[in-house]
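Number of protein chains: 4
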Amino acid sequence: MATTVTVWNEYVHEREHEAVADLYPDGIHGAIADALGDAGFETQTATLDDEEHGLTEEVLDETDVLTWWGHAAHDEVEEHVAERVKQHVLDGMGLLVLHSAHLSKPFRKLMGTSCGLKWREAAETERLWVTNPAHPIADGIDDYFEVPEAEMYGEHFDVPEPDSLVFTSWFEGGEVFRSGCCYHRGQGRVFYFRPGHETYPVYHQEEVQHVLANACEWATQEDGSGVVRGNHDPIEDLDTSDDRTVH
Amino acid sequence: MATTVTVWNEYVHEREHEAVADLYPDGIHGAIADALGDAGFETQTATLDDEEHGLTEEVLDETDVLTWWGHAAHDEVEEHVAERVKQHVLDGMGLLVLHSAHLSKPFRKLMGTSCGLKWREAAETERLWVTNPAHPIADGIDDYFEVPEAEMYGEHFDVPEPDSLVFTSWFEGGEVFRSGCCYHRGQGRVFYFRPGHETYPVYHQEEVQHVLANACEWATQEDGSGVVRGNHDPIEDLDTSDDRTVH
Amino acid sequence: MATTVTVWNEYVHEREHEAVADLYPDGIHGAIADALGDAGFETQTATLDDEEHGLTEEVLDETDVLTWWGHAAHDEVEEHVAERVKQHVLDGMGLLVLHSAHLSKPFRKLMGTSCGLKWREAAETERLWVTNPAHPIADGIDDYFEVPEAEMYGEHFDVPEPDSLVFTSWFEGGEVFRSGCCYHRGQGRVFYFRPGHETYPVYHQEEVQHVLANACEWATQEDGSGVVRGNHDPIEDLDTSDDRTVH
Amino acid sequence: MATTVTVWNEYVHEREHEAVADLYPDGIHGAIADALGDAGFETQTATLDDEEHGLTEEVLDETDVLTWWGHAAHDEVEEHVAERVKQHVLDGMGLLVLHSAHLSKPFRKLMGTSCGLKWREAAETERLWVTNPAHPIADGIDDYFEVPEAEMYGEHFDVPEPDSLVFTSWFEGGEVFRSGCCYHRGQGRVFYFRPGHETYPVYHQEEVQHVLANACEWATQEDGSGVVRGNHDPIEDLDTSDDRTVH
Numbered sequence: 001m002a003t004t005v006t007v008w009n010e011y012v013h014e015r016e017h018e019a020v021a022d023l024y025p026d027g028i029h030g031a032i033a034d035a036l037g038d039a040g041f042e043t044q045t046a047t048l049d050d051e052e053h054g055l056t057e058e059v060l061d062e063t064d065v066l067t068w069w070g071h072a073a074h075d076e077v078e079e080h081v082a083e084r085v086k087q088h089v090l091d092g093m094g095l096l097v098l099h100s101a102h103l104s105k106p107f108r109k110l111m112g113t114s115c116g117l118k119w120r121e122a123a124e125t126e127r128l129w130v131t132n133p134a135h136p137i138a139d140g141i142d143d144y145f146e147v148p149e150a151e152m153y154g155e156h157f158d159v160p161e162p163d164s165l166v167f168t169s170w171f172e173g174g175e176v177f178r179s180g181c182c183y184h185r186g187q188g189r190v191f192y193f194r195p196g197h198e199t200y201p202v203y204h205q206e207e208v209q210h211v212l213a214n215a216c217e218w219a220t221q222e223d224g225s226g227v228v229r230g231n232h233d234p235i236e237d238l239d240t241s242d243d244r245t246v247h
Numbered sequence: 001m002a003t004t005v006t007v008w009n010e011y012v013h014e015r016e017h018e019a020v021a022d023l024y025p026d027g028i029h030g031a032i033a034d035a036l037g038d039a040g041f042e043t044q045t046a047t048l049d050d051e052e053h054g055l056t057e058e059v060l061d062e063t064d065v066l067t068w069w070g071h072a073a074h075d076e077v078e079e080h081v082a083e084r085v086k087q088h089v090l091d092g093m094g095l096l097v098l099h100s101a102h103l104s105k106p107f108r109k110l111m112g113t114s115c116g117l118k119w120r121e122a123a124e125t126e127r128l129w130v131t132n133p134a135h136p137i138a139d140g141i142d143d144y145f146e147v148p149e150a151e152m153y154g155e156h157f158d159v160p161e162p163d164s165l166v167f168t169s170w171f172e173g174g175e176v177f178r179s180g181c182c183y184h185r186g187q188g189r190v191f192y193f194r195p196g197h198e199t200y201p202v203y204h205q206e207e208v209q210h211v212l213a214n215a216c217e218w219a220t221q222e223d224g225s226g227v228v229r230g231n232h233d234p235i236e237d238l239d240t241s242d243d244r245t246v247h
Numbered sequence: 001m002a003t004t005v006t007v008w009n010e011y012v013h014e015r016e017h018e019a020v021a022d023l024y025p026d027g028i029h030g031a032i033a034d035a036l037g038d039a040g041f042e043t044q045t046a047t048l049d050d051e052e053h054g055l056t057e058e059v060l061d062e063t064d065v066l067t068w069w070g071h072a073a074h075d076e077v078e079e080h081v082a083e084r085v086k087q088h089v090l091d092g093m094g095l096l097v098l099h100s101a102h103l104s105k106p107f108r109k110l111m112g113t114s115c116g117l118k119w120r121e122a123a124e125t126e127r128l129w130v131t132n133p134a135h136p137i138a139d140g141i142d143d144y145f146e147v148p149e150a151e152m153y154g155e156h157f158d159v160p161e162p163d164s165l166v167f168t169s170w171f172e173g174g175e176v177f178r179s180g181c182c183y184h185r186g187q188g189r190v191f192y193f194r195p196g197h198e199t200y201p202v203y204h205q206e207e208v209q210h211v212l213a214n215a216c217e218w219a220t221q222e223d224g225s226g227v228v229r230g231n232h233d234p235i236e237d238l239d240t241s242d243d244r245t246v247h
Numbered sequence: 001m002a003t004t005v006t007v008w009n010e011y012v013h014e015r016e017h018e019a020v021a022d023l024y025p026d027g028i029h030g031a032i033a034d035a036l037g038d039a040g041f042e043t044q045t046a047t048l049d050d051e052e053h054g055l056t057e058e059v060l061d062e063t064d065v066l067t068w069w070g071h072a073a074h075d076e077v078e079e080h081v082a083e084r085v086k087q088h089v090l091d092g093m094g095l096l097v098l099h100s101a102h103l104s105k106p107f108r109k110l111m112g113t114s115c116g117l118k119w120r121e122a123a124e125t126e127r128l129w130v131t132n133p134a135h136p137i138a139d140g141i142d143d144y145f146e147v148p149e150a151e152m153y154g155e156h157f158d159v160p161e162p163d164s165l166v167f168t169s170w171f172e173g174g175e176v177f178r179s180g181c182c183y184h185r186g187q188g189r190v191f192y193f194r195p196g197h198e199t200y201p202v203y204h205q206e207e208v209q210h211v212l213a214n215a216c217e218w219a220t221q222e223d224g225s226g227v228v229r230g231n232h233d234p235i236e237d238l239d240t241s242d243d244r245t246v247h
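Chains as they are written, first to last, in the UniProt record's numbering: chain G, 1 to 247; chain L, 1 to 247; chain D, 1 to 247; chain V, 1 to 247.
Hints are supplied without guarantee of correctness; some may be wrong.
Stated by the list, open to error - On the chain L side, residues computed to face chain D include the following (Cβ under 8 Å): (1) V20; (2) A21; (3) R127; (4) V130; (5) G140; (6) D143; (7) F145; (8) E149; (9) H156; (10) S164; (11) W170; (12) E175; (13) R178; (14) H184; (15) D239; (16) S241.
What the hints contain is simulated information worked out from the structure, not anything from laboratory work.
Ideal placement from N, C-alpha and C gives every residue a C-beta, glycine not left out.
Based on the provided sequences and hints, a complete structural model is requested.
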């Protein structure tokens with residue numbers, strides 16, 4: 001059965017700035033969905049202005065992996081939708097958090113940290129080095145690849161130490177950044193991927209598209225493992241007559 | 001300079017149930033503060049009924065490590081106080097999360113997961129095995145120790161994979177649990193420690209007190225590392241004339 | 001292209017003890033290869049008595065995942081073959097290390113620790129709890145499964161903290177064990193899986209076979225990431241005229 | 001009780017090259033021992049030419065932390081001494097592995113990987129960024145520090161993913177490197193620290209000395225946790241009459 005990827009975008013810059021619209025005429029979501037479609041995924045898109053931001057229970061139930069791009073309008077994402085996304089991740093949905101979505105509500109809720117970082121817009125060279133060549137998200141990537149014009153993100157990046165660190169970036173201006181970070185959360189898998197900026201053609205770059213496709217494949221949960229929580233009878237023979245409870 | 005530990009307790013069961021008061025006549029916080037005081041820490045206590053729950057900016061500024069016990073009244077902890085605690089952890093304060101505080105607001109905020117688990121009250125045997133004997137929190141502990149009467153907590157425990165797993169519990173009724181979990185979050189250190197229950201004398205047990213003291217020592221940040229975030233000029237020579245920004 | 005799994009077995013107990021031969025008439029390797037073949041993998045077997053233990057460069061070049069079972073004859077594995085296996089793992093071959101192979105030469109070389117543990121043969125109940133339900137190796141497994149008759153392995157298990165801990169075992173006699181441990185090493189993936197004993201029918205059990213199949217799928221590297229090491233010219237403009245070298 | 005640090009150096013370059021001797025008139029070991037002595041540690045030194053390389057059982061028994069510098073003579077370290085060092089680490093001794101000691105026998109044995117990397121000698125700028133500001137090894141360090149003249153080491157660095165990644169380096173020529181890597185192995189703690197080169201005055205730099213002192217403190221095991229391995233009677237009541245063993 002095909003993997004269904006829902007590509008979410010706040011879709012603000014593209015409608016307000018001609019330069020962004022020129023780069024991404026169908027929106028950043030359109031560019032990402034096209035690339036993932038070409039890679040063999042079933043894709044659909046959703047944006048901030050859609051009812052429930054396009055992320056109803058029904059849509060998320062049918063989503064294997066959600067990709068999230070946001071920047072100017074993090075605060076406009078409704079609390080209950082952000083919580084719903086988080087819950088679906090804990091229940092097994094994959095989540096790809098892209099570039100400036102480091103400050104998005106779902107990511108911050110799932111990480112538990114500020115997710116802050118250093119930044120600078122100077123169209124500088126970024127070089128992403130593979131720091132875990134055994135990881136499937138690095139599959140088919142050389143020992144590094146370059147983004148010729150990038151916004152700089154620098155350490156300290158306030159996230160939990162990743163369960164696996166797949167990419168580490170070098171920036172022309174002198175900084176480094178943990179650019180490809182994998183997390184397991186509940187039954188779900190989360191991948192933060194740094195490249196991607198509204199005023200540079202990053203999502204049209206082949207290596208970036210290749211990593212996004214690898215990450216969608218990695219983040220797709222099949223059946224998952226059964227999870228049981230709550231009050232629980234003993235499996236072994238056990239005297240359960242203790243009555244000191246104050247519950 | 002002495003380490004200052006602030007011992008927080010919701011302090012509900014002890015005032016409502018004679019059996020609990022008999023076990024902990026000075027409250028669970030009193031028992032923990034006594035033990036940590038004997039181990040050489042400066043201690044102070046704070047409870048739910050105190051103004052701002054006893055956790056003002058001033059108190060937290062002077063706190064090296066905060067220990068947290070709660071069970072019946074998680075929802076009564078005010079949102080802004082829980083956020084303040086979280087922020088102080090990210091800024092370098094240590095946090096020990098004890099037993100049923102797995103569902104406390106500060107811990108859930110910092111973990112980003114549901115923190116749910118299996119549970120059962122049957123006064124059964126728990127055996128805590130050291131799974132990382134190189135970790136300072138296990139210092140002076142044999143290869144295992146027992147809690148003769150314990151509430152069972154079982155997997156799946158919905159927390160991020162710990163940065164280090166110091167203890168793993170065996171339960172008489174058939175379950176296992178990751179009972180001693182270390183996390184780095186921002187500049188702070190967090191330790192979840194499972195043992196401790198209102199109707200069993202767990203906090204009077206020598207090994208439990210020993211682990212708490214080890215954990216306070218581990219969680220104490222000295223100067224910390226300098227953290228800089230936000231917009232940042234390049235360190236290297238760099239042409240910063242790019243004006244395509246939509247910021 | 002189909003995944004090729006090479007199933008290695010020292011194949012000693014089955015030829016020396018009728019009770020073992022009755023359980024595993026085609027050898028432990030035969031039972032495992034049958035199960036993996038039924039799950040859709042291309043399989044081949046190799047044993048200690050084969051020339052080069054059946055693990056020539058040619059065989060390993062064609063192997064996506066190697067499974068290893070040994071117990072009585074670890075020392076009879078030739079050093080250069082153990083090194084060859086290790087090198088192929090670092091170059092991207094998957095490795096499944098089964099039960100008593102915790103003391104095998106390839107695993108000890110790859111872990112760098114003693115890989116020692118506690119043990120007891122008493123045909124006791126083992127219950128494997130899923131501690132990472134987001135991991136693909138747990139896919140399709142309930143929150144736990146039981147091995148009715150197991151040799152006990154207990155902590156402290158002297159291995160590096162796993163990159164992911166998928167299963168944790170409970171034993172009837174009172175111990176716990178980290179039973180499903182994932183490691184990335186070089187470009188390869190290693191999974192240690194505890195169940196499996198020569199005198200109990202563990203490899204005929206459905207859940208065990210299911211986990212082995214999941215693990216083979218997880219451990220299969222596709223193209224891998226390009227790895228470059230050694231002396232390296234600068235990518236950026238750099239004055240390389242420094243001549244203070246003593247190389 | 002004071003922490004005893006044994007500073008080991010192959011001590012080859014300093015005796016063969018005047019330029020190195022000028023930088024390190026008492027040897028690299030002398031410079032490191034002086035710095036650690038100033039920081040309050042008891043220090044002693046040992047070199048390749050000493051009997052048993054100065055690392056007898058007696059010396060290692062009294063050593064809390066061993067620091068290791070080697071480059072030209074890794075192969076001259078006797079196998080049994082390298083094994084002895086490894087065993088002492090597994091038994092609780094701390095180990096600091098410095099710069100070109102990434103290819104030393106004790107480190108390669110403990111990591112289980114090739115420990116290879118990219119390198120270049122061009123006296124270029126290195127900038128070490130703190131990627132875990134919560135870790136005690138980063139205590140008192142700003143968000144980064146620079147080594148003005150450094151040999152470049154670049155990814156992929158073939159080591160296991162560190163238990164904590166404290167520093168990540170930026171190099172002028174375009175590469176990044178995981179420069180401060182913590183590992184728990186057995187009961188011991190290992191820290192790999194990249195800076196330090198025979199033809200540059202790196203070990204006279206204040207920040208480098210500060211990190212070395214922090215790392216010695218971190219790596220010092222006090223009592224340690226009791227470790228028991230081998231055949232083991234059940235703790236719980238258990239029928240141990242099973243006689244199907246082939247042991």
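Here is how each hint holds up against the structure:
1. V20: 29 Å, violated
2. A21: For A21 of chain L, the interface hint is violated, since the closest Cβ of chain D sits about 33 Å away, which is over 8 Å.
3. R127: 6 Å, holds
4. V130: It holds, given that the least Cβ distance between V130 of chain L and chain D is near 6 Å, below 8 Å.
5. G140: 15 Å, violated
6. D143: 6 Å, holds
7. F145: 13 Å, violated
8. E149: Violated: closest Cβ of chain D sits about 16 Å from E149 of chain L, beyond 8 Å.
9. H156: 6 Å, holds
10. S164: 7 Å, holds
11. W170: Holds: closest Cβ of chain D sits about 5 Å from W170 of chain L, inside 8 Å.
12. E175: 7 Å, holds
13. R178: For R178 of chain L, the interface hint holds, since the closest Cβ of chain D sits about 7 Å away, which is under 8 Å.
14. H184: This interface hint is violated because 14 Å lies over the 8 Å limit.
15. D239: At about 14 Å, which exceeds the 8 Å cut-off, the nearest Cβ of chain D leaves the hint on D239 of chain L violated.
16. S241: Since the shortest Cβ distance to chain D is 20 Å, the answer is violated.
In this structure, the earlier hints numbered 1, 2, 5, 7, 8, 14, 15 and 16 are contradicted, and the remaining ones agree with it.
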